[in-house]
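Those sequence lines, one after another, are chains G and U. Quick note: the first sequence uses the working numbering, first residue 1, plus one each step. Quick note: the second sequence uses the working numbering, first residue 1001, plus one each step.
Just so you know, these hints were derived from the structure itself, not from any lab. If you're wondering where the values come from, they're calculated on a predicted model, not measured in any experiment. Some hints here could point you the wrong way.
Stated by the list, open to error - Computed spacing ranges between beta-carbons, pair by pair:
1) 1064/U - 222/G: 25 to 35 Å
2) 1035/U - 469/G: 47 to 57 Å
3) 1064/U - 32/G: 34 to 44 Å
4) 308/G - 1046/U: 47 to 57 Å
5) 308/G - 1047/U: 25 to 35 Å
6) 485/G - 1064/U: 17 to 27 Å
7) 699/G - 1064/U: 29 to 39 Å
8) 222/G - 1046/U: 38 to 48 Å
Where is the CB? At the ideal position from N, CA and C, for every residue including glycine.
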Amino acid sequence: MPEKSITIALAGNPNAGKSTIFNNLTGTRQKVGNWPGVTVEKKEGHLKTNGYDLAVVDLPGTYSLTAYSIEEIVARNFVLDEKPDVVVDIIDTSNLERNLYLATQLRELDTKVIFVLNMADLARERGVKINADKLSELLDVPVVFTVGNRNQGTQELLKTIISVAEADIDFPRTRRVYYGKDIEKAVGELSEFIREKTSAELPYHIRWIAIKLLENDRIVKERILQSANPQGEAILQEAELKRQRLRDFFDEEPEIVMTDHRYGFIAGIVKEVVKTVSKQRVDVSRQIDQVLTNRLLGLPIFVFFIWAMFQLTFSLGAYPMDWIDAGVGWLGEGAGRILPEGLLADLIVNGVIAGVGSVAIFLPNILILFFCIALFEDTGYMARAAFLMDKVMHLIGLHGKSFIPMLMGFGCNAPAIMATRTLESEKDRILTILINPLMSCSARLPVYILLAGAFFGARAGNAIFSIYALGIVLAISVGRLFRSTLLKGKVAPFVMELPPYRVPMFKGLLIHMWDRSKIFLKKIGGVILIGSVIVWFLSAFPRQVQFSRDYQAEIAQIGAHYGAGIEAAHGDVLERLVSERDEAVSALETLQAKEKIERSYIGRLGKVLSPVFAPIGMDWRGSVAILTGFVAKEIVVSTMGVLYAAGADEDEKSEALKTALKKSGMTPLSAYAMMAFVLIYVPCLATVAVIRRETNSWKWTIFSIAYSTTLAWIVAFIIYQGGKAIGLAVC
Amino acid sequence: MNLSELRTGQTASVTRVGGDGPFRRRLLEMGFLTGTDVYVEKYAPLRDPIELILKGYHVSLRVDEAARIQVENVREVKTAHA
Ligand SMILES: Nc1nc2c(ncn2[C@@H]2O[C@H](COP(=O)(O)OP(=O)(O)O)[C@@H](O)[C@H]2O)c(=O)[nH]1
Ligand SMILES: [Mg+2]
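Only chain G is shown next, with the shape it has when bound in the complex (with noise of 0.2 Å):
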């Protein structure tokens, strides 16, 4: 018998238990993915029952269908157009009344909706009966109780999913809200005016579209003008007038009339429904919350859970991480062994495995994080943090929520960007996206420590300290500056429900570390790869230099020189000799990977660029280590070192590369401007890998881009020849 293959939409309220009933279905059979054209997640899953293939769609978690936001508008899209075979609303019969509301718009669209009542327990706990016969009598729905957490009422669940989908249901139903005498005239009038006005095939049922007008619901009327034309836009002036004048009739907008009729709709429900033992109990949920929220401990507590988070994921992943640089380290090795010397082994050594190596290496940091935040989410905490810090960040018009991805992006940005999918206005995701570079990472510490080692000696610390705050000052301007230009418009309401503190489920913090960290791998893999390969191209070629010197030549001269000697001494002497060849030999070497840079593609890049870098104080050799900071910033260190030509292996803490960059006419004021500008240009390729991959837009991408490589300049150019102006050059 061939398999029936039915799907199933999940809707309901944020916190509802969406998740645990999409994971208790599906299992780990998921894939994560976004939304057509936006940035809302989707997930979808598969499971095989009874010779039924059952395709899952967790839809957005959303308080309402009202096409407001974008997660509603996903949703609602959703059911209309893709006609799931069911749609399973998760309601939180703790909560009943206020996810009733959903639940009435969700049975408006006249498709098979089964209720669920989730979190029964906690209903139970407190006290509250509900007649799920008289529930699903009185609403003509088929309702089913689970409890979430502990996977209880799954195969009923499943059962009833499969009866409804097979069965026949005749629309329109009758049970459904009553708008009040006016305007259920109203909505009868415009039914039939539309009905008279079309011939053709309505997208939806027509008592829908007349009450989706009368509330003034721009998809829809976007919708009418599109399907029912040459009628449209006489189908909704007649809808405007009627809105008119339920609206002088009732001194009030008609959508929201027929909100409050929707909510005394279910207050008559909830009182045949259900049947509240008064229990005096102690809310426990309540009790942490006087602490963890309190108006003295709040804060701290707040900041010790945020340094408790920093503490284990950059020190607890500071092992794995030296393992995976192991790793990398002993397979570029390998391969270099295996491979015939030559392009091939150069490209794949020194292009792709390192490449690849320098984020992979980001893997343990991102797992540790992800799992933090996981932890965060879902026990409640992360509602607490937005009410603890939302004041703080309504200064550059973000919600509270924007802080968690602001603060890791101290650590690291790519996976902070990635936190911002916990925001649900997109005009704040975006923003904190922007800005989100600008909160300095670690990989950018070890050029300042250098650079500010090597130049302002005992007031180093003060010097990086400055720079980080200079991120921040210039964060919140910028923000602001976004938030009243490109990306104006209204605040999204701080309308945030605060749900009660739950233990959270391990297999489900799992899931959800492990969603995110894939897209991380999988998606950023591919442009890090690419990305690397054309930075080693560009420094890797042209393969044959024209030197200025024959440094071959010269090697074997010095080879020659030595070799005598050599053969000849013993002990001290011939220690002493091996070593002064050597040296000799790696100065040379050295000197020739200088020139070798310098007459790449990179290295000509730098110096066609040089007159761009000029007036923030940087030569040719900066202009490159800028470049190739690109791809990490770490690689601004080793760059300078082989520019510098104080040897590839240099690091920060190198001696050597601090006076070779003092003796190459750098100054104070250039090396500080060179800092600022590392803190402010171009995130690395990790980063806009993931930018691209959360705006889902080339455009916000490249705007990133521009606008922070420009910003980089100007801020530069004003430090240094702000500082010029004013006599510091030589400080």
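Dock chain U with the ligands against the given chain G, drawing on the hints supplied.
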């Protein structure tokens, strides 16, 4: 009187939600209907936003948003039955 003038531990009934269209609609959809009792659970440490309890759940609003909600019948109650 508006909601943002209430102190922690006070309850009041909503009479009218002001503000612009989408904001009003959103609040109504979250249950801020005329006649609904709202209990002020606490203010955030930085005095903004406010945590409220209504219809048995906790919700937070910014102070300037709460200022757009008109209330009456303010009373002190020990526990939130709102
Ligand atoms: N007590 C109880 N907790 C539940 C139940 N279902 C889910 N949870 C918990 O509620 C929290 C939120 O669930 P989640 O599935 O993430 O909600 P979503 O926002 O709708 O996706 C999690 O900590 C779950 O473990 C239930 O039936 N009873
Ligand atoms: Mg969820």
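Right, here's what the structure says about each hint:
1. Taking the beta carbon of each, residue 1064/U and residue 222/G are about 32 Å apart, inside 25 to 35 Å as hinted.
2. Separation of residue 1035/U from residue 469/G is about 51 Å and conforms to the stated range, judged on CB atoms against 47 to 57 Å.
3. The given range of 34 to 44 Å is respected by residue 1064/U and residue 32/G, whose C-beta atoms sit roughly 37 Å from each other.
4. Checked against the given bound of 47 to 57 Å, the beta carbons of residue 308/G and residue 1046/U, roughly 22 Å apart, lie outside it.
5. For residue 308/G and residue 1047/U, the Cβ-Cβ distance of about 26 Å falls inside the hinted range of 25 to 35 Å, so the restraint holds.
6. Judged by the Cβ atoms, the range 17 to 27 Å given for residue 485/G and residue 1064/U holds: they are separated by roughly 22 Å.
7. Distance hint check: the CB atoms of residue 699/G and residue 1064/U are about 33 Å apart, consistent with the given range 29 to 39 Å.
8. Under the hint 38 to 48 Å, the C-beta atoms of residue 222/G and residue 1046/U, about 41 Å apart, fit the expected range.
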